[in-house]
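Listed below, chain by chain, are the residues.
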Amino acid sequence: MRSKGDQLSYHLMLGPGLLVLLLFSVVPMFGIAMAFEHYVPSKGIFHSTWVGLDNLRYLFQIHDGKQIFYNTVFIAVMKIVSNLVVSLVFAVLLNELRLRFYKRVIQTVVYLPHFLSWIILAGILWDILSYRGLVNQILGVFHVEPIMFFASNRWFPFIVVASEVWKEFGFNTIVFLAALTGIGPALYEAAALDGAGRLRRLRHVTLPGLTPVVILLATLSLGNVLNAGFDQIFVLYNPLVFESGDIIDTYVYRSGLLDAQYGFATAVGLMKSAVGFVLILASYFLASKFANYRIF
Amino acid sequence: MAGLVACSNGGKGAEPSAGSIASAGASGTAAAEAHDPFGKYEQPLEVSVGKFLNLTDKTLPAGDTPTNNQFTRYLEDKLNVKIKAAWQAGGDAYSQKVSVAIASGDLPDAMVVYSYSDLRKLVEANLLQDMTDTINDYASPLIKDIYTAGNDAALKAATFNGRVMAIPASQGLADSMYMMWIRQDWLDQLGLQPPRTVDELENVIGQFIKTNPDKAQNPIGLPAGNLYGMTNSFPTLNPLFAVYHSYPNNWVRDSEGKAASGLIQPETKEALGKMREMYAAGLIDKEFALRKDPFEPIINGSTGVFFGPWWMGFTPLNEAMNKNPQAKWKAYLLPLDKDGQFNTHVQSPANMFYVVRKGIEHPEAIMKMVNVQTQNELGLDPDAHMDLKVDWVNEPLRAPIAYPDSIEKDSEKVHEALDGKLPVDKLTSVQKRVYDNYLKTKDNPTADIGGWSEAFSYVEGAGQLLRSFNKVPSLYYGETETMTTKGATLGKLQQETINKIIMGAAPLDSFDQFVKDWKRLGGDQITAEVNEAIK
Amino acid sequence: MIHSKSWSGRLADGGIFLVLTGTALLSLYPIWYMVAVSFSSSTAAASGIVKFWPVGFTLKSYQAILNDPAFFTAFGVSVKRVAIGAGLSFLLTVLTAYPLSKEPGRFRGRNVYMWFVIFTMLFSGGLIPWYLTIKAYGLLNSIWALVLPGAVPVFNVILVVNFFRNLPKELEEAGMMDGAGPWYLLSKVYVPLATPVLATVTLFSIVGHWNAYFDGLILISDPAKYPLQTYIQQLVVQVNTQNLTADQLKSLSELSDRTLNAAKIFVTMLPVLIVYPFLQRFFIHGIMLGSVKE
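These protein sequences, in sequence, are chains V, F and S.
Counting from 1, one number per residue, gives the positions in the first sequence under the numbering used here.
Counting from 1, one number per residue, gives the positions in the second sequence under the numbering used here.
Counting from 1, one number per residue, gives the positions in the third sequence under the numbering used here.
For reference, chain V alone in the conformation it holds in the complex:
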């Protein structure tokens, strides 16, 4: 029933964007070939020796590989979940706040840590969590022995996750708040007229209204399931917490291989992308098959 004109318009609209993606994302993908090569710069990508899956195989032969893989997934998944939950709760609470000006101020403030580098935040974290830092002083009041948080394999992953949430939850909060504005006030008014209390409005109007965007963000973040945050962990960790904090990216960085063995670096990147892509695909099809819901 659609006219040819509309189809043409749609294609015309897509044209410029697709062209940019083609030129700057797709064309450079010739470099993926490096993942299967022993790349030598003077020979170039098209003339280096083909080594098949050797680069990838190397990744699975590293010492403690299982531990590193586990750390990566554990930290990344914890981050994804905590970030979504905290920012969702925060956005909902903020939505309940009546003081409009204060609402804006808070919304701005929680986005600010996003602008600071991990080096600065690490300094602050260390200060608070050090042997004689604030947290241990408070624990001391309750006669708890001081804890070396940064040397403890029990605590370290949680420090990483909590500080990530601290830095980044403002970002998702903004997305959720934008989505909340999409819920028509009429729905709230109707609910109120029905005599729905605050909690019921939350359950029947706010949360259902947010569900699509929550699912969307969750699905997209699956693409990062092997990215546990190099910049952060690199400045926070130390040899004592390698056991719980060493992730694929930090390991590969320390190996110096990123600089020297381009094929290996590309193979690692390719594997991370592929795993992320498969997970996103899977969740897309599961959602459409079992819930008859299209995420994108």
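Simulated from the structure, these hints should not be mistaken for lab results.
Hints may contain errors.
[What the hints assert, rightly or not] Label-pair restraints from in silico Cβ distances:
#: 1; chain 1: F; residue 1: Arg-73; chain 2: S; residue 2: Lys-80; range: 57 to 63 Å
#: 2; chain 1: S; residue 1: Gly-179; chain 2: V; residue 2: Ala-282; range: 40 to 46 Å
#: 3; chain 1: F; residue 1: Arg-73; chain 2: V; residue 2: Gln-61; range: 52 to 58 Å
#: 4; chain 1: V; residue 1: Val-275; chain 2: F; residue 2: Lys-338; range: 33 to 39 Å
[Claimed, not checked] Reference listing, derived: stretches of chain S covered by chain V, where coverage requires no fewer than 3 residues with Cβ under 8 Å from a Cβ of chain V:
#: 5; stretch: 18-25
#: 6; stretch: 116-130
#: 7; stretch: 146-152
#: 8; stretch: 222-231
[Said to hold, decoys possible] Short derived list, chain V residues pointing at chain F, Cβ under 10 Å:
#: 9; residue: Asp-64
#: 10; residue: Lys-66
#: 11; residue: Gly-123
#: 12; residue: Val-144
#: 13; residue: Met-148
#: 14; residue: Tyr-253
Quick reminder that beta carbons are idealized off the backbone N, C-alpha and C, glycines included.
Position chains F and S against the provided structure of chain V, taking the given hints into account.
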């Protein structure tokens, strides 16, 4: 040609006393084309460089830029070489640019790389011009003399398969010699002598922590940002290892006379045993492995003793003096081993390299530039007439070529002048500046903390290096194939184990298992490669 | 909106207020700390005693910034980059998102395009091929190298697609009854209704462009063309003392000047602090429009 340059440039003519090398350049006029290290090109020659910037540098006069200043103009006058920057970057950006240049094969005619591993990558990528003959034919007598003074270690560092693949820079070795820095005023106040043995050191640190003379919030023991740094990374515990003749960074001779890693020797275990005791007693910073900024406790008076190289006046002691101008820091070559000797490892003189793009038409042009710059930096070019205040970072390519004992030499001359044994006008410009700064700041450091930094470092720090002590060079400074491929695995194993042993989280005897694991996971192979390389 | 006036309702309001305020204070502390450091003496900062209030109050850092012409040059480059980059991204985001928000039945090939877009978000050829490609286009060392490669922010596109899809279908139906084509519907109906989400993604792209430093580092080679964060990055280096030369020691104390670095970081945050509240007006704006249409 060269004669013409001398005239057109200064017009004053060379002083005869200027040294034989400069006149060697001038006398090259007759045999113009025959390998003149300072020969001028007939036609202007453009050289593209990757330019390192120091964006905090404020020494350039108005109107000058990092790519057009007294240094570039002088090179143009002297050699007819025009500098063009392929790119310019400072700090981390520079190493990023170098990495991209290496990986993409998109090199400027010349640039400086600041690590051996960058050089190795460039050679393996087959991107570099073989400089063997160019150096032979065109290196100035001065530069050849500097290389010889360092037993050609610099040239060896740049040699791959018998060919010299870069023009190596050559640094003073002083940066790798760690010494003890201690609060003399605390010692005096407590009636203590500078600790000569490890036992005495333990006592002194204990007293420092107990009495906490600066009333610091959290007094700590020895800080150690890095347990055993090779060069300039500090605070470390290097001298404590060296007391037990342990040199974890070095390749040493084992009992069979073969090269072996200093890390896995029984001496290291002995040293670790002592450190473990000290840590348990709180004499080593409880949080040494975790601390994000190991300078803080030094600056705020939480510790009165640490180990670092000669230049501690530049940082962190400048800030420590600002914080507490009454503090009296002193350097000592202590503690001593059981024979009463002070030991230290020494670094390779060459950690930086001038690299030249493969296939360049005039590779000797880069050598000539380095000749001219080095002559000038050492104050041996009478034609140069440079404003000495302008930072050398503004040279188109900058990596120092200095005698291995250059720091000690400067310090020695300043000491002689201060003692009245040497007339002040015999000092070089740098030495004169240190001398003046010392007189100006010795009673009132904070009046000119910048001047104090330099004077204190040269006089107090480098002054210690004039004594006699035991310098232990490594048998090998390069990087073998397996070091790269197994580096992360072995590094992780090593850092984990050694930190845990010191902190008491693993028994001392886990060192033996560590040695076995280290060998098994690639250490044996690396050792074989090193023995092959030094054969 | 109608709010309950009961005791429990007020208690809940109070609780919410406290939780939000507490969280906001936690988020504010690092910025407050930076400001305190930027006004402290460099010695106090280096000795780690600045916790909450400036110690040894001084304006030296800010004076140093005002006297640094390169800082303002870089600032200008960044402003230009944000203006071009965010403008372009806005246009391309809207144009790309609208067709993709159509049901596959209405726009044939929609799913193929959608997966193509997602694919480009996840996969990349790596740094070196990316650099070589941009070099081959002749874009190196120009402002276009900073804005064109990321001109279609895929994450933002997907957010907008999602928002468009959730707008009432009746709007489009009604428009089409009146004979409106896709271009008219997009510009006169969808864009105004999507103001909140468009303000959000615009904020993201402004911030993204403002904060980006790595592409400048790789693609720009002339210091006069470095954007602000790339410039800052070269000042706020982690001093690698391993390879210091004797003459570099002199600059060491300047490089590690924490107070100056803190001041610079704070100054670079200011524009965002100004732009953000301005954009927030559009969030509210969106609600009112929505209610009118309903």
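Status of the hints after comparison with the structure:
no.	hint	result
1	Arg-73(F) x Lys-80(S): 57 to 63 Å	violated, 33 Å
2	Gly-179(S) x Ala-282(V): 40 to 46 Å	holds, 43 Å
3	Arg-73(F) x Gln-61(V): 52 to 58 Å	holds, 56 Å
4	Val-275(V) x Lys-338(F): 33 to 39 Å	violated, 57 Å
5	18-25	holds (count 5)
6	116-130	holds (count 14)
7	146-152	holds (count 5)
8	222-231	violated (count 0)
9	Asp-64	holds, 7 Å
10	Lys-66	violated, 14 Å
11	Gly-123	holds, 5 Å
12	Val-144	violated, 17 Å
13	Met-148	holds, 7 Å
14	Tyr-253	holds, 8 Å
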